[in-house]
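S.K.: Each chain, letter by letter, is given below.
Number of protein chains: 2
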Amino acid sequence: MTDTHAISDDVFDAASIAARLTHEDVADNVEVLNQLTAVEAAEVLALLPTERAVGILDKPELLFGAEIVEALPRPIAVPLIAGMSADMAADIVQQLEDPVRTELMQKLDEASRTAIAGLLEYPQNTAGSMMTTEFVSVPANWTVEQTLQHIRQVERTRETVYAIYVLDPLSRRLVGAVSLRRLISGEPTANILVLAAERAPITTTPLADREDVARLITKYDLLAVPVVDKAGHVRGIVTFDDIMDAIIEESTEDVQKFGGMEATEEPYMQIGLMDMIRKRGVWLCLLFVSEMLTASAMQHFEGELEKALVLTLFIPLIMSSGGNSGSQATSLLIRSLALHDVKLSDWWRVAFRELPTGIILGSMLGLIGIIRIVLWQKLGFYDYGEHWVLVALTVGAALIGVVTFGSVAGSMLPFALQRAGFDPASASAPFVATLVDVTGLMIYFSVALLILRGTLL
Amino acid sequence: MTDTHAISDDVFDAASIAARLTHEDVADNVEVLNQLTAVEAAEVLALLPTERAVGILDKPELLFGAEIVEALPRPIAVPLIAGMSADMAADIVQQLEDPVRTELMQKLDEASRTAIAGLLEYPQNTAGSMMTTEFVSVPANWTVEQTLQHIRQVERTRETVYAIYVLDPLSRRLVGAVSLRRLISGEPTANILVLAAERAPITTTPLADREDVARLITKYDLLAVPVVDKAGHVRGIVTFDDIMDAIIEESTEDVQKFGGMEATEEPYMQIGLMDMIRKRGVWLCLLFVSEMLTASAMQHFEGELEKALVLTLFIPLIMSSGGNSGSQATSLLIRSLALHDVKLSDWWRVAFRELPTGIILGSMLGLIGIIRIVLWQKLGFYDYGEHWVLVALTVGAALIGVVTFGSVAGSMLPFALQRAGFDPASASAPFVATLVDVTGLMIYFSVALLILRGTLL
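Residue numbers (my numbering), protein chains in the order written: chain A, 1 to 457; chain V, 1001 to 1457.
What the hints contain is simulated information worked out from the structure, not anything from laboratory work. Treat the numbers as computed from the prediction; the structure is a model and nothing was measured. Be a bit skeptical, because a hint or two may be false.
As the list claims (entries may be wrong) - Just a few of them, taken from the derived set where beta-carbon distance is under 8 Å, the chain V residues facing chain A:
#1 Leu1273
#2 Met1276
#3 Thr1312
#4 Thr1330
#5 Thr1357
#6 Tyr1382
#7 Leu1449
#8 Leu1450
Said to hold, decoys possible - One-sided excerpt, in silico: chain A residues whose CB lies under 8 Å from chain V:
#9 Thr189
#10 Met292
#11 Trp347
Stated by the list, open to error - Think about it this way: if two alpha-carbon atoms lie no more than 16 Å apart in a straight line, the pair counts; the simulated EDC-like pairs of lysine to aspartate or glutamate are:
#12 Lys1343(V) to Glu198(A)
#13 Lys307(A) to Glu1302(V)
#14 Lys1219(V) to Glu67(A)
#15 Lys307(A) to Asp1245(V)
#16 Lys1307(V) to Glu302(A)
#17 Lys59(A) to Asp98(A)
#18 Lys219(A) to Glu1306(V)
Quick reminder that beta carbons are idealized off the backbone N, C-alpha and C, glycines included.
Work the whole structure out from these sequences, hints included.
M.R.: So this is what it looks like as structure tokens:
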């Protein structure tokens, strides 16, 4: 694992790499292949035993799965796709373009093709698109021993056998779930349903968002959650490891979106320069255009600025304080909404907490700001003019107003976005800062007009 | 689940709540108890069957576990703590204060006390502090059938039985790991080691950070990872569900820290006002004091400002663009470092990517800025003076400089923090913005001096 980087520097030798890979864990193989080009990786993959090659393609950590499949000779690619778990195979097929896609699908066996086509129908990031169709289900009239026997037979072909779903023998509806640990302790001749939990099994629907599935799995500590359609039939299961990958991906997305850019799935070093520019540039330009309102606001107050140039000295300080307090409030509420700690209808409760919080925080900063001006004036570091006391008061009062506005606006933004049907996590720090900057300037100049009219203004 | 809120509004009746809870899932019980005060919750818990009460205390979602245990009569609390999984019990005991803590520990049975005391020795968020000591291990000379028989006996007292650890019968060192799914398919008379994976089991150490454990579990799709000490003995195992909770907690912390505040574990509504002020105020004040450098910078350039007041109009626009591009770069690199997509030694590769990225993004914004000034001037919306062309050039050039600096500084900050031994996630958006604001002003004024000397300046 230490010198995987070295591979791409040496002369590329597919056979020797393939030989080395068979002695390592599949997870480590993925890291080695990620260092190669898709064509090189395909060459290596073609030399590996089918089971291992399938295991590698099944790993969500593999970066260029679709490109590798495309680079593989068709007769090798088809059995690999057929051997993969349906959810991962669907992920790859989705990324393929025609004619490769149609060609591959046509050559697949009936069962694999149906399973993959079924999954492709569900929108991305839903339970339906993540579920695996390879799970264990048995009719409710089976015994414990029959079930165990069945599991022993199918174990190799199922993604997980730790949860067994019990179906009504006639309607094939889900009637219960049994864990493997309970099964092995059960009386062999007993009916399988004896071991099922008393309560109805926790289930989800094909169109449920992956975040909701994650909440179910973590709340109930499940190994998998069955995806049940309206008719009560189990269409597949979402396993804990797929959810764990989804949670990590989601939190990367959240941090990137909060940073003010479009989320990206590839690792930093793999993003093309133009792709990177696009993902960052769109937001940067949008924010820039909105932020132009600050220039308009300043132009509007040009007369005041000319009379009291001393006011400009504190513009960056006051604006950034509003942005910072807004960014704090937004980050708090994005997570609270995501974790369902607060609901959409709680917005007024939150506003009533942020108001005093903002006033207190603003007063703290205001006090520090006033002390700074008094100190600089008294110690002779700078002369803020004959009305320096009023200038200090203006800065202090503006800070209270701007920080309070920042806290309240920053906390309300995620609610507003969710209410409007967007992801609350789209409320990025730069977004809040821009919102608060323009208003912050208006607050500052209004306070200045109020306090300084008749003296400086 | 829908009307749990109603409980706290009704007259509190512990007996009727307890009766209702026994018909629901433990995970739902936790939600009900979280709505009550610790004293009320303790009253309800005391009325529940021991197994259910233990199940509730074992849930990491329970908010005031320690307070509830403290409010319970000692004779009830002791068997509950003893029944809990050791890692969760240790979490609660850790939060108790003396004399309750010592008193409880003394009354515990020997085995529970030793297990809890052992876990308490490990620092928070390490594998040692999260591991459970209730796992299945068997000597390497056992058969498949012996192992199965053993699991049937101990199943009820183990957190997980899906991974079985095989120990050398003499040295008790870990020699292999067998999954339950392989075990049930195994030949009953075969030696247990036949089923173990060829490669040595994936292990971690007691002092490993929970992020590293999470990486192992997700990379290798494990149900649990054994925590092995220097002597090769298994001290406990960390299970996937504990890690999932940790990942979610960690990503909440990351977003909050990125928002520029101290991370908080409680849900938003449960944080006390003073606690909230403290967690946000400390950072806000620190950032405010640093941002005061902008005032100093402006004071330094006061002469220039007086001569060219038009320059002040674009200060917020230019500063915020630097902050935004910095925030994007920081969010990208924080996650890349956390996911080990880039290593500390990659810093120069990253810098060499951010440099062209920043220049291109800055040029885009600069162009938009110039177009805006030209339009306003030509359409007569505003008069930027006779040297308006030079002013537009100054703004455009400053934007290139500031955005480039923002991208490079924002991307380097997480590296610098990690290098200095801090969490790279401490590089918050406000932190970056503050860093870029001060430098941004200097860049702007320097560019202005260069372009406008002899005309406006």
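S.K.: Identify every previously stated hint that the structure contradicts and give their numbers, smallest first.
M.R.: 7, 8, 9, 11, 12, 14, 15, 17, 18
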